[in-house]
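With the hints as constraints, model all of the structure from the sequences given.
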Amino acid sequence: MAWLFYILLLMSSYDEDEAFEAAAAPTSGQHRPSLSQLAMQGARAATFGAPDTSYLDSLNPAQREAVETLDGPVLMLAGAGTGKTKALTARIAHLLNTGRAQPREILAVTFTNKAAREMKERVAALMGQDIEGMPWLGTFHSVCVKLLRRHAELVDLKSNFTILDTDDQIRLLKQLINAEGIDEKRWPARQLAGVIDSWKNRALTPGRISGGEGEEFNGRGVRLYAAYQARLQTLNAVDFGDLLLHVVTIFQKHPDLLEQYQRWFRYILVDEYQDTNVAQYLWLRLLAGGHKNICCVGDDDQSIYGWRGAEVGNILRFEKDFPGAKVVRLERNYRSTEHILKAASAIISCNKDRLGKDLWTDETDGEKVRLIGHWDGEEEARWVGEEIEAMHSGVSGFAKRRKNPRSKTPDQEFERLTKGGRVSEHVAGDIHQINLQREQALSPAGVGNYKIPQSVGLDEIAILVRASHQMRAFEDRFLSIGLPYRVIGGPRFYERMEIRDAMAYFRVICQPDDDLAFERIINTPKRGVGDKALQEIQIAARSNGVNLVEGARIAVADGLLKGKAKSGVAQLLADLDRWTSLNVQQIRYGVEDEDALVEDVAYEPAEISHIELAEKILDESGYTKMWQNDKSPEAPGRLENLKELVKALEQFENLAGFLEHVALIMDNDSGNDGEKVTIMTLHGAKGLEFPVVFLPGWEEGLFPSQRSMDESGTKGLEEERRLAYVGITRAEELCTISFAANRRVYGQWQAQMASRFIDELPADHVDVMTPNGLYGAQGNMGAGRSLDDYGQDSSPSRFQERAAKADVYNSPGWKRMQQRTSRAGTPRSPVTIEAKATVAFTEGERVFHKKFGYGEVMAIEGENLTVEFDHSGTKKLKAGFVLPADQAGDVPF
DNA sequence: GAAGAGTTCGTTTTT
DNA sequence: CGAACTCTTC
Numbered sequence: 001m002a003w004l005f006y007i008l009l010l011m012s013s014y015d016e017d018e019a020f021e022a023a024a025a026p027t028s029g030q031h032r033p034s035l036s037q038l039a040m041q042g043a044r045a046a047t048f049g050a051p052d053t054s055y056l057d058s059l060n061p062a063q064r065e066a067v068e069t070l071d072g073p074v075l076m077l078a079g080a081g082t083g084k085t086k087a088l089t090a091r092i093a094h095l096l097n098t099g100r101a102q103p104r105e106i107l108a109v110t111f112t113n114k115a116a117r118e119m120k121e122r123v124a125a126l127m128g129q130d131i132e133g134m135p136w137l138g139t140f141h142s143v144c145v146k147l148l149r150r151h152a153e154l155v156d157l158k159s160n161f162t163i164l165d166t167d168d169q170i171r172l173l174k175q176l177i178n179a180e181g182i183d184e185k186r187w188p189a190r191q192l193a194g195v196i197d198s199w200k201n202r203a204l205t206p207g208r209i210s211g212g213e214g215e216e217f218n219g220r221g222v223r224l225y226a227a228y229q230a231r232l233q234t235l236n237a238v239d240f241g242d243l244l245l246h247v248v249t250i251f252q253k254h255p256d257l258l259e260q261y262q263r264w265f266r267y268i269l270v271d272e273y274q275d276t277n278v279a280q281y282l283w284l285r286l287l288a289g290g291h292k293n294i295c296c297v298g299d300d301d302q303s304i305y306g307w308r309g310a311e312v313g314n315i316l317r318f319e320k321d322f323p324g325a326k327v328v329r330l331e332r333n334y335r336s337t338e339h340i341l342k343a344a345s346a347i348i349s350c351n352k353d354r355l356g357k358d359l360w361t362d363e364t365d366g367e368k369v370r371l372i373g374h375w376d377g378e379e380e381a382r383w384v385g386e387e388i389e390a391m392h393s394g395v396s397g398f399a400k401r402r403k404n405p406r407s408k409t410p411d412q413e414f415e416r417l418t419k420g421g422r423v424s425e426h427v428a429g430d431i432h433q434i435n436l437q438r439e440q441a442l443s444p445a446g447v448g449n450y451k452i453p454q455s456v457g458l459d460e461i462a463i464l465v466r467a468s469h470q471m472r473a474f475e476d477r478f479l480s481i482g483l484p485y486r487v488i489g490g491p492r493f494y495e496r497m498e499i500r501d502a503m504a505y506f507r508v509i510c511q512p513d514d515d516l517a518f519e520r521i522i523n524t525p526k527r528g529v530g531d532k533a534l535q536e537i538q539i540a541a542r543s544n545g546v547n548l549v550e551g552a553r554i555a556v557a558d559g560l561l562k563g564k565a566k567s568g569v570a571q572l573l574a575d576l577d578r579w580t581s582l583n584v585q586q587i588r589y590g591v592e593d594e595d596a597l598v599e600d601v602a603y604e605p606a607e608i609s610h611i612e613l614a615e616k617i618l619d620e621s622g623y624t625k626m627w628q629n630d631k632s633p634e635a636p637g638r639l640e641n642l643k644e645l646v647k648a649l650e651q652f653e654n655l656a657g658f659l660e661h662v663a664l665i666m667d668n669d670s671g672n673d674g675e676k677v678t679i680m681t682l683h684g685a686k687g688l689e690f691p692v693v694f695l696p697g698w699e700e701g702l703f704p705s706q707r708s709m710d711e712s713g714t715k716g717l718e719e720e721r722r723l724a725y726v727g728i729t730r731a732e733e734l735c736t737i738s739f740a741a742n743r744r745v746y747g748q749w750q751a752q753m754a755s756r757f758i759d760e761l762p763a764d765h766v767d768v769m770t771p772n773g774l775y776g777a778q779g780n781m782g783a784g785r786s787l788d789d790y791g792q793d794s795s796p797s798r799f800q801e802r803a804a805k806a807d808v809y810n811s812p813g814w815k816r817m818q819q820r821t822s823r824a825g826t827p828r829s830p831v832t833i834e835a836k837a838t839v840a841f842t843e844g845e846r847v848f849h850k851k852f853g854y855g856e857v858m859a860i861e862g863e864n865l866t867v868e869f870d871h872s873g874t875k876k877l878k879a880g881f882v883l884p885a886d887q888a889g890d891v892p893f
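Each residue of the first sequence is one higher than the one before, starting from 1 at the first, in the UniProt record's numbering.
No lab work stands behind these hints, which were simulated from the structure alone. All the given hints hold, so there is nothing to weed out.
Quick list of in silico lysine-lysine cross-link-like pairs, DSS-like style, CA-CA up to 27 Å:
#1 Lys-715 / Lys-357
#2 Lys-86 / Lys-326
#3 Lys-526 / Lys-631
#4 Lys-526 / Lys-647
#5 Lys-532 / Lys-625
Just the calculated beta-carbon pair ranges, DEER-fashion:
#6 Val-646 / Ala-125: 28 to 34 Å
#7 Ser-468 / Met-497: 17 to 23 Å
#8 Lys-643 / Ile-539: 36 to 42 Å
#9 Gly-128 / Val-646: 32 to 38 Å
#10 Asn-60 / Asp-167: 41 to 47 Å
#11 Gly-713 / Pro-188: 22 to 28 Å
#12 Arg-317 / Leu-56: 26 to 32 Å
#13 Gln-628 / Gly-713: 51 to 57 Å
#14 Gln-571 / Lys-647: 24 to 30 Å
#15 Gly-356 / Ser-480: 44 to 50 Å
#16 Asp-353 / Asp-71: 28 to 34 Å
For glycine and all other residues, C-beta sits at the position ideal for the given N, C-alpha and C.
This is the structure we're talking about:
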């Protein structure tokens with residue numbers, strides 16, 4: 001067998017002599033020094049002369065203190081927009097520069113890949129060099145995967161274990177619940193997954209679950225948890241929670257190993273410490289236990305992931321955990337104007353249990369936070385759309401007043417406005433000679449001097465919502481007015497069906513114990529393997545104590561399968577064997593030498609590249625053909641996605657490496673494809689900033705969310721309040737909060753009350769607008785439809801009840817707004833119109849169906865029609881589902 | 001095994 | 001209301 005000759009690839013070996021040479025000689029273009037080599041320079045410089053510490057000069061005193069306190073525990077309390085990443089990266093540079101640590105001796109953990117990436121880039125920029133030398137800068141999960149692959153056998157796993165995502169997790173739990181004879185309806189797998197996750201977040205293994213907790217899930221939670229863990233082990237798989245938990249277990253059981261890592265990781269840095277859960281906290285405490293050189297950065301006011309197991313307590317308790325810790329507060333904000341900061345501070349100060357920070361800024365002028373109420377959710381969306389158009393075209397007052405537009409040059413500004421015009425000469429100030437290349441709405445065509453209005457770019461604008469269903473109204477509206485937008489946080493590439501199918505093939509190749517993947521592909525594409533055949537295979541596997549692939553082999557050999565199933569499975573097995581023999585296997589992971597951890601990976605030699613193999617698999621399995629033969633409108637898109645998938649493989653050494661990437665990196669950045677307004681949730685916006693931010697839907701029950709308050713009481717409310725704080729502090733120049741008096745909730749109209757957070761806004765920093773405030777005399781309220789359609793019980797009157805106590809309600813603006821909303825009419829209680837009129841059809845009549853489109857009635861049997869649709873073939877359906885074609889215009893679709 | 005009928009249940013989400 | 005799921009029927 002050819003692959004007996006293993007190649008050992010040293011991924012990042014460290015050669016001291018080379019480092020010395022590099023430090024001594026000026027570097028040439030080809031041979032640039034690595035980070036470790038630079039660190040050596042630092043070490044030498046520390047001995048023989050001053051290292052270059054110019055990165056310290058741009059830090060403010062607080063940042064500088066946080067950067068220069070290198071030894072011992074440090075807690076950096078960094079408010080929103082206070083330059084925390086800057087401080088963190090400068091600190092890493094300083095550690096290297098002062099010769100305190102080699103790049104591989106620094107453990108730096110973040111929560112998201114994005115944050116990790118940014119940190120790598122910025123450290124690299126500071127050090128003027130590539131990031132190769134920092135192997136332990138990454139997310140908690142990616143660092144844990146590396147550790148766990150090295151020591152998998154200590155928790156009875158093989159180092160090529162699979163990482164299951166939530167989907168696999170649920171499917172597995174479903175199987176277990178059914179096996180226990182529990183009604184999956186009453187005790188859904190989702191819920192069990194939630195319970196198990198919360199146990200894992202708190203580092204509770206099945207054996208450690210105490211009395212009361214055992215009652216979870218109908219008293220069978222613990223047993224199912226144990227069964228689940230056992231099943232994961234036979235599948236040689238882990239879930240996300242396990243990545244941390246297994247490593248914690250290993251460290252707890254093997255003090256000698258822990259000690260080794262404590263020595264290896266001389267300095268630890270943690271980003272977003274307020275988001276750590278118990279397992280992560282234990283993990284950090286174990287690793288920092290020796291030297292206590294740990295620097296945690298966080299903001300208790302931005303802790304918004306409590307519902308996912310994050311413990312604000314971790315950050316509140318830091319000084320107790322690490323006595324003598326240095327606490328540094330970063331309070332100078334470089335992002336927002338004073339009005340925005342004051343509004344955010346006023347809200348967050350209503351929370352108890354804070355470490356307390358006061359953000360301040362030099363940016364004293366700017367726009368007040370705007371507050372506006374609307375009649376209903378659709379109107380809110382319409383207003384926001386019009387505001388954005390006004391800003392974008394430079395018509396709005398804000399766009400004109402704006403001091404520091406982000407757009408860099410008049411050319412860009414003009415190109416944005418005209419989509420193609422060019423500035424040919426800059427005359428003076430904002431007057432430019434312009435050569436218009438085609439008809440422009442903005443100005444007459446031709447060459448001439450024009451004043452370019454200042455405008456707001458669409459990608460400077462974000463709409464941040466509490467719940468994703470709020471996005472719908474904005475999407476609908478923006479679609480109809482043709483405003484480009486981008487939704488962040490939709491369904492992700494790697495969660496699509498075709499991608500998961502393809503990856504299931506790769507998974508079986510890389511890790512034959514992955515039964516979940518095998519189940520997924522055994523009849524995809526169709527091989528005539530139904531439930532019965534699968535059952536036979538499962539029985540064969542179980543009774544022989546082998547995985548499903550081997551079980552299938554036995555089932556075929558013993559003649560347990562018949563007909564199509566038999567030949568189908570046999571063919572699949574032969575294919576799998578062939579593909580497996582072509583796969584580049586990773587054979588060893590992680591080798592250490594005496595006093596350093598050398599990250600290395602060993603591979604078998606490849607006969608064909610993993611990319612060719614992937615194409616071969618998709619092709620020979622018939623999977624590609626399956627979609628080619630598919631007539632559904634999604635099919636071409638899916639084939640396109642498969643091509644994308646193969647392309648993505650190029651960046652990886654082998655299939656296994658790719659699978660790991662996919663499991664850990666759910667890339668959500670859907671590229672910068674043009675200038676668009678961003679629509680996203682408040683959670684998704686953490687860490688981001690935008691010049692202009694809209695915060696719609698500030699209504700009781702929606703924000704703060706009812707469920708949050710029901711489930712977690714005051715704690716929940718305080719987390720919602722932190723979310724409000726996060727939202728406001730995303731804005732740099734202009735922040736607009738809005739709410740609607742009426743909103744459709746699950747199809748029912750509901751009168752809404754303004755959010756209590758609105759009561760907490762400081763009137764001095766808020767500009768209360770009337771609904772038709774900024775532009776034109778035509779109020780939105782009356783535009784285009786009769787508001788008398790709404791009935792009784794005006795919710796604006798409910799606002800009145802609270803008007804006395806809240807700051808903002810005493811402003812003239814609020815009173816004007818209130819007048820308008822009440823004059824416009826009062827909301828009507830919901831009326832559901834049962835419009836199920838019986839319609840008689842005749843043969844040959846043209847009809848319309850919501851899904852199938854237009855067609856012709858071919859035959860009638862009582863209620864049942866046979867309709868030949870223009871584009872969807874002939875169908876039999878009940879008369880109630882189609883309309884006469886001439887009435888179809890009434891049906892929006 | 002696919003189409004269509006009926007049912008249920010509705011936050012936030014990274015890894 | 002509408003997506004996602006299951007159940008029914010051919």
